[in-house]
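Please arrange chain B on chain A, whose structure you already have, making use of the hints.
Protein chains: 2
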Amino acid sequence: MTMAKDQKKQPRPKAETPKGFRDYFGADVTERKAMLDRIAEIYHRHGFDPLETSAVETVEALGKFLPDVDRPNAGVFAWQEEAVPGGGSGDWLALRYDLTAPLARVAAQFRNDLPSPYRRYAMGPVWRNEKPGPGRFRQFYQCDADTVGSASVAADAEICGMLADALEAVGIARGDYIVRINNRKVLNGVLEAAEVREDQAEDVLRQIDKFDKVGREGVLALLTEGRKDDSGAFIDGVGLSEAQAAPVLAFLTSKGDSNSETLDNLRAAVGGSGIGAEGVEELAQIAGMLAAMGVGEDRAVIDPSIVRGLGYYTGPVFEAELTFEILDEKGRKRQFGSVAGGGRYDGLVERFTGQKVPATGVSIGVDRLLAALRAKGLAGAEDRGPVVVTVMDRDRMADYQAMAADLRAAGIRAEVYLGNPKNFGNQLKYADKRSAPVAIIQGGDEAARGVVQVKDLVLGARIARDASHEEWKSQPAQTEVARADLVAEVRRILG
Amino acid sequence: MTMAKDQKKQPRPKAETPKGFRDYFGADVTERKAMLDRIAEIYHRHGFDPLETSAVETVEALGKFLPDVDRPNAGVFAWQEEAVPGGGSGDWLALRYDLTAPLARVAAQFRNDLPSPYRRYAMGPVWRNEKPGPGRFRQFYQCDADTVGSASVAADAEICGMLADALEAVGIARGDYIVRINNRKVLNGVLEAAEVREDQAEDVLRQIDKFDKVGREGVLALLTEGRKDDSGAFIDGVGLSEAQAAPVLAFLTSKGDSNSETLDNLRAAVGGSGIGAEGVEELAQIAGMLAAMGVGEDRAVIDPSIVRGLGYYTGPVFEAELTFEILDEKGRKRQFGSVAGGGRYDGLVERFTGQKVPATGVSIGVDRLLAALRAKGLAGAEDRGPVVVTVMDRDRMADYQAMAADLRAAGIRAEVYLGNPKNFGNQLKYADKRSAPVAIIQGGDEAARGVVQVKDLVLGARIARDASHEEWKSQPAQTEVARADLVAEVRRILG
Chain A
1 MTMAKDQKKQ PRPKAETPKG FRDYFGADVT ERKAMLDRIA EIYHRHGFDP LETSAVETVE
61 ALGKFLPDVD RPNAGVFAWQ EEAVPGGGSG DWLALRYDLT APLARVAAQF RNDLPSPYRR
121 YAMGPVWRNE KPGPGRFRQF YQCDADTVGS ASVAADAEIC GMLADALEAV GIARGDYIVR
181 INNRKVLNGV LEAAEVREDQ AEDVLRQIDK FDKVGREGVL ALLTEGRKDD SGAFIDGVGL
241 SEAQAAPVLA FLTSKGDSNS ETLDNLRAAV GGSGIGAEGV EELAQIAGML AAMGVGEDRA
301 VIDPSIVRGL GYYTGPVFEA ELTFEILDEK GRKRQFGSVA GGGRYDGLVE RFTGQKVPAT
361 GVSIGVDRLL AALRAKGLAG AEDRGPVVVT VMDRDRMADY QAMAADLRAA GIRAEVYLGN
421 PKNFGNQLKY ADKRSAPVAI IQGGDEAARG VVQVKDLVLG ARIARDASHE EWKSQPAQTE
481 VARADLVAEV RRILG
Chain B
1 MTMAKDQKKQ PRPKAETPKG FRDYFGADVT ERKAMLDRIA EIYHRHGFDP LETSAVETVE
61 ALGKFLPDVD RPNAGVFAWQ EEAVPGGGSG DWLALRYDLT APLARVAAQF RNDLPSPYRR
121 YAMGPVWRNE KPGPGRFRQF YQCDADTVGS ASVAADAEIC GMLADALEAV GIARGDYIVR
181 INNRKVLNGV LEAAEVREDQ AEDVLRQIDK FDKVGREGVL ALLTEGRKDD SGAFIDGVGL
241 SEAQAAPVLA FLTSKGDSNS ETLDNLRAAV GGSGIGAEGV EELAQIAGML AAMGVGEDRA
301 VIDPSIVRGL GYYTGPVFEA ELTFEILDEK GRKRQFGSVA GGGRYDGLVE RFTGQKVPAT
361 GVSIGVDRLL AALRAKGLAG AEDRGPVVVT VMDRDRMADY QAMAADLRAA GIRAEVYLGN
421 PKNFGNQLKY ADKRSAPVAI IQGGDEAARG VVQVKDLVLG ARIARDASHE EWKSQPAQTE
481 VARADLVAEV RRILG
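So the protein lines, in turn, are chains A and B.
Under full-length UniProt numbering, the first sequence has 105 at position 105, and the numbering climbs by one with no breaks.
Under full-length UniProt numbering, the second sequence has 354 at position 354, and the numbering climbs by one with no breaks.
The following block holds chain A by itself, in its conformation from the complex (with noise of 0.2 Å):
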């Protein structure tokens, strides 16, 4: 009672989701799910366990390392735990960013206990502490895969083709999309044989980043003396000589029309560089073993024109793009582009234990995945909303959950209408909110003669919309049928 009058002198909370956050209704959980459900499977077959970490790290085994070189000010919602009576002050316990870093402590906190090499996959919501803006939110989905303590390129193969049969499980067409390979290590040859120093390569690596915008022509400026960008600034170059960005160029432009022929090119664009040689073989042996796997190269193909991803990775990277096109916010028609990507990387379990541990692994974007099978009408819920039973006389209640009882033990999606049933209208429009399909209407006098009203409002909005007032009046999308056969007829409308 105390509390209930504290209560009233405050002002109100505000009802609203916090900035940078929302909340998911109905179809936004159900297409998700149905979409990471036939991810799940594809992975499971593969041999890939499910892992699901705490939401909870310390700050410490996070570590401070994001690695979206594209979101360099990401942080992550921290918060320190209560002193321990004379222990000290508490740990800093944060949120996690992704998926990678509790990977990271898991392999290395049971190494013992896993299986070596460990492929796993993991699903969830990962936050990100940054300012929320328009399609910016600090709260989303992620769906990995990972293999744990495997060197060999097999298990890069092995992801790429699992992407592509992730990507058609979820309902992707084969020609809709592509998972593009590429090879650090080819790159680091490249930079070799250009006699490029070892100050100048993350310089490199930044220019080499801008050749889907720039294209040919303009990394070669960027690469050599510099460049203006549309704004008419004056981009500085890094310095290299023209015969220094040829083989950098050459790596770029090196897509032939078969992966043999993209191979040939790199092998000419290594020249004589131990690691280019040893990147451009692990290439050759991924597309030999996705052709062993019947992965095509209309699926999976080597493709060094990817770069995306290069500077953090450090052998195989990949990258999945969706080929189709659609129409952007302005309506002009554009390729739908990347919606996963991953590659190797050291130095995964090395920060806890001292030891490299040799991984790679793959990220899907699960909302930008999600969005495409929206565009291309993939989603694939069930938007019918229930049967919706109405209330005609209150104190005939049970009833009403009879009948729904029944539809339901036929498998049938119904409900009983439980606002105040006083006003009929309202029970309608509520149906209508609900998208049902069908309303069961039983007054006193259907139920005197043991009937019912089943009302096919799908056939009625269009009645209403397109049918003369005599059609109307005639109401041919309400039926009465005994009470005995209410199933069967609810069950030949929604057909």
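Some hints here could point you the wrong way.
Since the list gives no way to pick one copy over another, a pair counts as held whenever it fits inside one copy or between any two copies.
Stated by the list, open to error - List of simulated lysine-lysine pairs, DSBU-like, C-alpha gap at most 30 Å:
1. Lys376 - Lys33
2. Lys356 - Lys433
3. Lys228 - Lys14
4. Lys131 - Lys33
5. Lys422 - Lys356
6. Lys213 - Lys433
7. Lys228 - Lys33
8. Lys14 - Lys422
These are calculated hints, taken from the structure and not from any lab test.
Same frame as chain A, now just chain B:
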């Protein structure tokens, strides 16, 4: 490069799950998911829509009121947002501690968009900032279903029936569970009939909560003059007269052999109290509706001895108990006990809008129900690992990948060994750790002859355990088949 050097100077981070948190591996994830999927299917069929709110709420929206009376010190994990430049201090945010508080926020925030009544279910982790202890975790799953905006006890009846259906859907046999239903209004009527003063009501509630433990005589003593507890300490009584205590005890022990007998007993216990009569009538309606829905008294029953939660809820309360026996940690038989509870509550949305919105709901204890399924051997996830294709010749990885791909194309879970293949014994140890049912072996000799060795690891393990040395040497668990027959042979062994 500088980063690596800096890191070397720092001590290595500890690879540890934060205290009170845990990680879920393999079957832990899939078994829980399979259970929740089956529950969601039942909820969906009853017209409930999924809702997934953000894990983070403003502290203001959460409020400071935790519903679990047995966890009075429960707190939240909270942190303050960075100050907005020129805009004062940042909001306090926190992880949700249950799924009801976010529902309240959503029901208020989206009240103009949501159907009314709004049936929703939610499944996901919640967080409690508590002192970790044995079996007490700071992140755990909840699974809730609630109907917001219906004052009708039809909503309560529906949830009780749905709960019974959900328990059967996950595998609990009829007869192994019971949903018990009580009503706070009946208790209020009893208190009125007993002329308990308002300032005594809370004390009375606290004492009847001990009914399970101390029984009829114990509660009688506690309601009147007090009693000695097991340790010999004297517990003060509430100070009622025996005449006043009588209706309370009549209420607690009014369960008869049938709902109709129980309802008669309750009518007597509430005497002339209006609120009490209303409460009994509500229970009678619920009983009637459950019968109409085909939910017999062997599945859901009126039981006034259920007092847990009576202090929190405002109308009907329900609790699902598993009635089969398990062995506790000390090897003693005991009933499994409660796995779900809920009831009717007001004031859900009122904090935000000032308007009372009636609501009723149930929460399933996900970990407890899963533990029950495991105890009965019903958790049902496949514990068979993948077929492991071993690597005899590392230059022929593509061949091994092709074998795994063939198996997967036939729907069989399969993987290639991706560790260092030098030591074949390690590969078989790996297959064992993976619980692989079958290993595939193909050396150069077999490859030349176009055959593979298919090793039945389950049969092999049985032979190694039971068979004579001679039998063992004949290797009945290993078959040589043509490469083209690989899939058929594996399928035969998997049965």
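Hint check results:
Taking CA atoms no more than 30 Å apart as the test, Lys376 paired with Lys33 passes in both settings, with 17 Å inside one copy and 28 Å between copies. In this homomeric assembly, Lys356 and Lys433 come within 30 Å of each other (Cα to Cα) only across copies, at 23 Å, whereas the closest approach inside a single copy is 57 Å. Within a single copy, Lys228 and Lys14 get their C-alpha atoms no closer than 50 Å, and across copies no closer than 49 Å, so neither meets the 30 Å cut-off. For a Cα distance limit of 30 Å, the shortest separation of Lys131 from Lys33 inside one copy, 28 Å, qualifies, whereas the shortest one across copies, 33 Å, does not.
Within a single copy, Lys422 and Lys356 get their C-alpha atoms only as close as 71 Å, which misses the 30 Å cut-off; across copies the closest is 20 Å, which meets it. Neither within a single protomer nor between protomers do Lys213 and Lys433 lie at most 30 Å apart by alpha-carbon distance, with minima of 46 Å and 48 Å respectively. Taking the shortest Cα distances, Lys228 and Lys33 never come within 30 Å of each other, neither inside one copy (47 Å) nor across copies (55 Å). For the identical chains of this complex, Lys14 and Lys422 are neighbours neither inside a copy (32 Å) nor across copies (64 Å), given an alpha-carbon limit of 30 Å.
Hints 3, 6, 7 and 8 from the list above are not met by this structure, while the remaining hints are.
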